[in-house]
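Order-wise, the sequence lines are chains A and B.
With my numbering applied, the first sequence covers 1 to 326.
With my numbering applied, the second sequence covers 1 to 171.
Keep in mind that the hints are not guaranteed to be accurate.
Said to hold, decoys possible - Here are the simulated SDA-like pairs of lysine to any residue, each with C-alpha atoms no more than 20 Å apart in a straight line:
{"hint": "1", "chain 1": "B", "residue 1": "K18", "chain 2": "A", "residue 2": "R52"}
{"hint": "2", "chain 1": "B", "residue 1": "K18", "chain 2": "A", "residue 2": "G57"}
{"hint": "3", "chain 1": "A", "residue 1": "K304", "chain 2": "B", "residue 2": "L2"}
{"hint": "4", "chain 1": "B", "residue 1": "K154", "chain 2": "B", "residue 2": "Y142"}
{"hint": "5", "chain 1": "B", "residue 1": "K167", "chain 2": "A", "residue 2": "D46"}
{"hint": "6", "chain 1": "B", "residue 1": "K18", "chain 2": "A", "residue 2": "L285"}
{"hint": "7", "chain 1": "B", "residue 1": "K152", "chain 2": "A", "residue 2": "D46"}
{"hint": "8", "chain 1": "A", "residue 1": "K304", "chain 2": "B", "residue 2": "V4"}
{"hint": "9", "chain 1": "A", "residue 1": "K304", "chain 2": "B", "residue 2": "M1"}
{"hint": "10", "chain 1": "B", "residue 1": "K18", "chain 2": "A", "residue 2": "R38"}
{"hint": "11", "chain 1": "B", "residue 1": "K152", "chain 2": "B", "residue 2": "P101"}
{"hint": "12", "chain 1": "B", "residue 1": "K152", "chain 2": "A", "residue 2": "R39"}
{"hint": "13", "chain 1": "B", "residue 1": "K18", "chain 2": "A", "residue 2": "K304"}
{"hint": "14", "chain 1": "B", "residue 1": "K18", "chain 2": "A", "residue 2": "R47"}
{"hint": "15", "chain 1": "B", "residue 1": "K18", "chain 2": "A", "residue 2": "D46"}
In case anyone wonders, no lab produced these hints; they're calculated from the structure.
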Amino acid sequence: MFGLSESQLLDILFTAIETIAILLAVVITAAMLIWVERRLLGVWQDRYGPNRVGPFGLLQVVADMIKIFFKEDWIPPFADKAVFVIAPGIIMFTTLMAFAVVPFTATIGVVDLNIGILFILAMSSLGVYSVILAGWSSDNKYALLGAMRTAAQMISYEVFMGLSLLGVVLLAGSFDLREIVESQAGMWNVIPQFPAFVIFFIAGCAEIHRSPFDLPEAEQELTAGYHTEYSGMKFGMFFVGEYLGIVLISCLVTVLFFGGWLGPILPGFVWFALKAGFFICFFVLLRAGTVRPRYDQLMAFGWKILLPIALVNVAITGAVVVAMAN
Amino acid sequence: MLSVLRTLGMTFMHTFRKRETILYPEEQPYLPPRYRGRIVLTRDPDGAERCVACNLCSVACPVDCISVVKTEDETGRWYPETFRINFSRCIYCGFCEEACPTYAIQLTPDFEMGEFDRQQMVYEKTDLLISGVGKRPGYNFYRVAGMAVGGKDKGDAVNESQPIDVKTLLP
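Pulled out of the complex, with its shape left as it was, chain A reads as follows (with noise of 0.2 Å):
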């Protein structure tokens, strides 16, 4: 039926399994993030996280989640509707997408894409429409300021996401994912790349506007930025959405400079997860143990610091490919 063979069918059926699977993979780890960042930070602050529901506390996020599709689902009478209830969604959606590109084991990924990089930055720059939106959809001040800061955050941010990237694209002479991996058998891309590393680790925690760059919600400052208004299960969608956005960042620093499912003995999705999971620890200590910037301290670092490195890094990587192949 509709002209294709019998095998080209099941092709179809077994992607179509394969993603389902590693999207509901990706979105649990995500719902079991809320208990891991919740016990580490006990860990980290002399005291424990959840530890009553459930053994351990596991169970904490099922509590969780009943209260938060129990609470009443109110948009405020003075908020732009359509837009008010889709800016969640564009978050969850963008970030999703950009898993559809990301190689966890040699078999193991949706597609592969050959510009697989240019992709996952095009949907991060679909992101910032979600927090734009959200934040003029409210019609509150506050929100609007939040909302115009964390826009201007994440955008800035992006730039030297992809510069940095660009080191590691010379030197595996391709765009797509799946190679960039493959070319990291001999030498993970850390080490030639560590400045590139640095600065993609803080660009990507600044575009998930995570600790330390969350001035969007610090409720401290900006009494909850963009999602002030928001409530019930549209704020648990965009939690799980920044959660979501941890476990993307930390997927991608390991497929891009820590060489991804490669590794002795172990097989290849026992080492993407241990790899994956150390970074996921490490923004909870980021978390933990940082200090949150001013605003305008924040756009001075990435513009006037991690800029001008990034550039020189790609030059440097760019002149030393090119002589390397004479």
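Chain A is already provided as a structure; the job is to place chain B on it using the hints.
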């Protein structure tokens, strides 16, 4: 940048420290003996209740949570007919304990008095009166006071001399 890395390292070393949380209710916090918790009414070493319904505690209370009604027994000894404390108002300041002349009302190191209904937090004398002496084991007010009550005449108290007969001229 380096200071950030140093901070992250220091935060990470907290992994190996003991947690400061007290896992209530499996572990109880340490309460010193003079902790101002639940109020009790105590008794004499001889077993009679110490409270003489003088109302000094209800006057001293800053939130007016004590309510006392006095009555007298057949020997002339005053005692409270009703003694009511509203624990939802009580601020556990200890002024009543300081005001009491007979060491009857005392605050104990106990804070577990949670209720679902506010009316359940109004404690009557039956809830407050304990069978022991509380914090002052040897004190019996009527033994040192000068009043003549059942079983004791004027001049029979501890450390009291006999009353002077004002109608004779002898020293």
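Each hint tested on the structure:
For the given pair, B:K18 sits about 19 Å from A:R52 by alpha-carbon distance, which is consistent with the 20 Å threshold. About 19 Å separates the Cα atoms of B:K18 and A:G57, which keeps this hinted pair within 20 Å; it holds. For the hint linking A:K304 to B:L2, the alpha-carbon distance of about 18 Å falls within 20 Å, and the restraint holds. At most 20 Å may separate the alpha-carbon atoms for a hinted pair to count; B:K154 and B:Y142 meet this at roughly 11 Å.
About 79 Å separates the Cα atoms of B:K167 and A:D46, which puts this hinted pair outside 20 Å; it is violated. Note on B:K18 and A:L285: the hinted pairing holds, with a Cα-Cα distance of about 18 Å set against a maximum of 20 Å. A C-alpha spacing of about 62 Å is found between B:K152 and A:D46, which places the hinted pair above 20 Å, so the restraint is violated. At most 20 Å may separate the alpha-carbon atoms for a hinted pair to count; A:K304 and B:V4 meet this at roughly 18 Å.
For the suggested pair A:K304 and B:M1, the alpha carbons sit about 14 Å apart, so the restraint of at most 20 Å is met. As the CA atoms of B:K18 and A:R38 are separated by approximately 17 Å, the hinted pair is consistent with the 20 Å bound. Our distance criterion of 20 Å between C-alpha atoms is met by B:K152 and B:P101, whose separation comes to about 19 Å. At roughly 68 Å between alpha-carbon atoms, B:K152 and A:R39 are farther apart than 20 Å, so this suggested pair is violated.
Under the criterion of a C-alpha separation no larger than 20 Å, the hint pairing B:K18 with A:K304 is inconsistent with the structure, at around 42 Å. As the CA atoms of B:K18 and A:R47 are separated by approximately 8 Å, the hinted pair is consistent with the 20 Å bound. With a C-alpha separation of about 7 Å, the suggested pairing of B:K18 with A:D46 holds against the 20 Å cut-off.
When the structure is compared with the earlier hints, violations turn up for hints 5, 7, 12, 13 and for no others.
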